[in-house]
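Chains B and C: place on chain A using the hints.
Protein chains in written order, with the working numbering: chain A, 7 to 232; chain B, 7 to 224; chain C, 8 to 199.
These are calculated hints, taken from the structure and not from any lab test.
A couple of the hints might just be wrong.
With a Cα cut of at most 25 Å, we get these calculated DSS-like pairs of lysine-lysine [what the hints assert, rightly or not]:
1) A:Lys73 to B:Lys106
2) A:Lys174 to A:Lys77
3) A:Lys63 to A:Lys127
4) B:Lys70 to A:Lys153
5) A:Lys162 to A:Lys77
6) B:Lys209 to C:Lys99
7) A:Lys153 to A:Lys77
8) A:Lys162 to A:Lys127
9) A:Lys53 to B:Lys106
10) A:Lys175 to A:Lys162
11) A:Lys153 to B:Lys106
12) A:Lys73 to B:Lys103
13) A:Lys63 to B:Lys75
14) A:Lys177 to A:Lys195
15) A:Lys153 to A:Lys177
16) B:Lys207 to A:Lys53
17) A:Lys63 to A:Lys153
18) B:Lys207 to A:Lys63
19) A:Lys131 to A:Lys174
20) C:Lys170 to B:Lys207
Here's the letter readout for the chains.
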Amino acid sequence: MSPDKPPEAPAVSSTRLVLTLALAGLVSGVAIIGIYEVTLPTITANKARELREAVFKVVPGVTQMQKLVYKNGELVPTTVTEKDEQPVYGGYDADGSFIGYAIPGAGPGFQDIIGLLYGYKPDQKVVTGMEILENRETPGLGDKIYKDAEFVANFKALSVEPEIIPVKKGKKSLPNEVDVITGATISSKAVVRIINETHTTWSTRLPQPGSEPLMTKPEQAADETK
Amino acid sequence: MARNEHEAYETFIKGIWRDNPVFVQVLGMCPMLAVTNSAINAVAMGGATLFVLVGSSFLVASFKQWIPKQVRISGFIIIIATFVTVADYTLLALVPKVHKELGAFIPLIVANCMILGRQEAFASRNTVRLAVMDALGTSGGFMVALFSLGAIREILGNGSLFGVDLFGEHFEPWVIMILPPGGFLTLGLILLFFNWVTQQKDKFIEQVAEAERVASDG
Amino acid sequence: MDNLAWIFISSLLINNFVLAYFLGLCPFLGVSNSLETSLRLGLATIFVLLITAICAWVLNTYVLIYAPYLRLISFIVVIASTVQFIEMLIKKISPTLFRAMGIFLPLITTNCAILGLAIFATNRGYGLVEGIVFALGAGIGFTLALLLLAGLREESELSDIPKLIQGIAMNLIIAGILSMAFMGFAGLFSAT
Numbered sequence: 007m008s009p010d011k012p013p014e015a016p017a018v019s020s021t022r023l024v025l026t027l028a029l030a031g032l033v034s035g036v037a038i039i040g041i042y043e044v045t046l047p048t049i050t051a052n053k054a055r056e057l058r059e060a061v062f063k064v065v066p067g068v069t070q071m072q073k074l075v076y077k078n079g080e081l082v083p084t085t086v087t088e089k090d091e092q093p094v095y096g097g098y099d100a101d102g103s104f105i106g107y108a109i110p111g112a113g114p115g116f117q118d119i120i121g122l123l124y125g126y127k128p129d130q131k132v133v134t135g136m137e138i139l140e141n142r143e144t145p146g147l148g149d150k151i152y153k154d155a156e157f158v159a160n161f162k163a164l165s166v167e168p169e170i171i172p173v174k175k176g177k178k179s180l181p182n183e184v185d186v187i188t189g190a191t192i193s194s195k196a197v198v199r200i201i202n203e204t205h206t207t208w209s210t211r212l213p214q215p216g217s218e219p220l221m222t223k224p225e226q227a228a229d230e231t232k
Numbered sequence: 007m008a009r010n011e012h013e014a015y016e017t018f019i020k021g022i023w024r025d026n027p028v029f030v031q032v033l034g035m036c037p038m039l040a041v042t043n044s045a046i047n048a049v050a051m052g053g054a055t056l057f058v059l060v061g062s063s064f065l066v067a068s069f070k071q072w073i074p075k076q077v078r079i080s081g082f083i084i085i086i087a088t089f090v091t092v093a094d095y096t097l098l099a100l101v102p103k104v105h106k107e108l109g110a111f112i113p114l115i116v117a118n119c120m121i122l123g124r125q126e127a128f129a130s131r132n133t134v135r136l137a138v139m140d141a142l143g144t145s146g147g148f149m150v151a152l153f154s155l156g157a158i159r160e161i162l163g164n165g166s167l168f169g170v171d172l173f174g175e176h177f178e179p180w181v182i183m184i185l186p187p188g189g190f191l192t193l194g195l196i197l198l199f200f201n202w203v204t205q206q207k208d209k210f211i212e213q214v215a216e217a218e219r220v221a222s223d224g
Numbered sequence: 008m009d010n011l012a013w014i015f016i017s018s019l020l021i022n023n024f025v026l027a028y029f030l031g032l033c034p035f036l037g038v039s040n041s042l043e044t045s046l047r048l049g050l051a052t053i054f055v056l057l058i059t060a061i062c063a064w065v066l067n068t069y070v071l072i073y074a075p076y077l078r079l080i081s082f083i084v085v086i087a088s089t090v091q092f093i094e095m096l097i098k099k100i101s102p103t104l105f106r107a108m109g110i111f112l113p114l115i116t117t118n119c120a121i122l123g124l125a126i127f128a129t130n131r132g133y134g135l136v137e138g139i140v141f142a143l144g145a146g147i148g149f150t151l152a153l154l155l156l157a158g159l160r161e162e163s164e165l166s167d168i169p170k171l172i173q174g175i176a177m178n179l180i181i182a183g184i185l186s187m188a189f190m191g192f193a194g195l196f197s198a199t
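This is chain A alone, in the form it adopts within the complex (with noise of 0.2 Å):
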């Protein structure tokens, strides 16, 4: 370390000081703004590629999505992002019929919020698939709910209703109840019950089967999340 001392300080004029961290703040907020303007194409786009793969997983035979909310009491298209949205995700074929939606749904798991999506097709009232987006459950053992296959594959075709029901290990006999896993009941059972809490909210909103909403337009890559 240098032993010498900085100079004294000379007396400097307030304005000076005003005028230095102004011009600090302006070269640095040019900076960011050039940063974030070069990275934010990149990042909107990794964002809706990554929504798109999750929703084309758990609603298996969907090729084009649309974002719908739930406004006035309908389920309406819409492209623009809103504060406090709760957004569901419509799923259609390659020719814009309906095949099912993607709920986005949250809740305390064993250590923190887990955040996942499933696939729902009204018709049936079953759940096609789904998938953890978020979540802090312990290694090795909570996050078998995204990485154990056999757990994963119990969602596959599930019945929603009554419930969705979790019960021990390979004891799952009838199409509403899950099997959960040795050694991370609590985190299988929040997800199951994220599920239900989630499709007793949206059961009321969604429309009847048969009349969702349409495919609005053709849809461009990365267009979703503007």
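Below, chains B and C alone, put in the same frame as chain A:
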């Protein structure tokens, strides 16, 4: 010139070993423990810190004459925060997966006392060249510390390194190591080891001095 | 209501700022040598965290929706200056209160727990009430961890500990054991 070279080299090495920011000075603990549950996260965090520290040291040393002493801390913080924001967005665009794992701890590089400390104690009173060497050394030392902690925790806690399985199926991972307590315990034990090395060295030096004294007496 | 209770318990015990997120470690390891100082530091931290939560909410609602890229810089500048302003205010109004906790205020502002709280609250999209509850939980959790460590350290001062292990190494290992104990709180909310 030769002396200059030597000084720059000394400054660099000092940061990595003798004044290692983590193991010797115990600075920058928050990101240190939080992100070292796998080697790749540790290296990403080390890289981001290196970028921020070298960048800010370079700027601070270049402009030190123009920054009035009264507002220097605010100035340093603005510079550091700018570099951190740049690092944050770059990581988000290039490696979204790693960014998701590191999460809120990238912005928290700002609050790493090691970085502000180097600006105040070194960069603002030395030449640009020395300041950059010091920044490289310090962040190199930080990287070494992050990597060793991350590697130990990943190997024991997950049986892998950089995501590659090391032990095969029969290894029962020591899960606690990648959970928060593992961070505290591993760092505690590493510091213990450093203490022990220092103690042994002191003992050795004492013994040599003793032997020399005996020899000269005889 | 359920949501608020979850935020509070989660930040207080399950995801304790110090023991699970490693935020605020510098004061945690540096100041925890006496119970009394720890308590005062803890109270001052709760106070600053509350201010932070309010500042973060104001910034998020009125400024950052237009300019998200200014998040980090504006958090730092606004929080630091608000705390400084309140410090001067306390000094004027109540010198006793200032002596009790005022000296800690500038120290706390540079603490990563403060910035961490602002960033976590933003990432999770907390509103004003949720933010304040989050700050309370986190602050009380921080104080709790600090007091636990300080109590253990006060005890250990009177015991015969090998010279090799004294100091930070021992504190970290104690913190590791505390952190392990706190892991027992996980699942509090989902075990139904």
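Do the hints match the structure? See the list:
1. A:Lys73 to B:Lys106: Given pair Lys73 (chain A), Lys106 (chain B) holds - Cα atoms ~23 Å apart, limit 25 Å.
2. A:Lys174 to A:Lys77: violated, 40 Å
3. A:Lys63 to A:Lys127: holds, 14 Å
4. B:Lys70 to A:Lys153: Violated. Lys70 (chain B) to Lys153 (chain A) sits at ~53 Å, over the 25 Å cutoff.
5. A:Lys162 to A:Lys77: Outside the cut-off at roughly 30 Å; violated.
6. B:Lys209 to C:Lys99: violated, 55 Å
7. A:Lys153 to A:Lys77: violated, 36 Å
8. A:Lys162 to A:Lys127: Given pair Lys162 (chain A), Lys127 (chain A) holds - Cα atoms ~11 Å apart, limit 25 Å.
9. A:Lys53 to B:Lys106: Holds. Lys53 (chain A) to Lys106 (chain B) sits at ~11 Å (cutoff 25 Å).
10. A:Lys175 to A:Lys162: holds, 17 Å
11. A:Lys153 to B:Lys106: Given pair Lys153 (chain A), Lys106 (chain B) holds - Cα atoms ~18 Å apart, limit 25 Å.
12. A:Lys73 to B:Lys103: holds, 24 Å
13. A:Lys63 to B:Lys75: Not OK: Lys63 (chain A) and Lys75 (chain B) at ~58 Å, beyond 25 Å, violated.
14. A:Lys177 to A:Lys195: Measuring from Cα to Cα gives roughly 15 Å; hence the hint holds.
15. A:Lys153 to A:Lys177: Status holds; Cα separation ~21 Å.
16. B:Lys207 to A:Lys53: Distance ~54 Å between Lys207 (chain B) and Lys53 (chain A) Cα, so the pair is violated.
17. A:Lys63 to A:Lys153: holds, 15 Å
18. B:Lys207 to A:Lys63: The given pair, whose Cα atoms are some 60 Å apart, is violated under the 25 Å limit.
19. A:Lys131 to A:Lys174: holds, 24 Å
20. C:Lys170 to B:Lys207: Distance of about 15 Å is within 25 Å: holds.
Figure legend: structure checked against the earlier numbered hints; hints not met, in rising order: 2, 4, 5, 6, 7, 13, 16 and 18.
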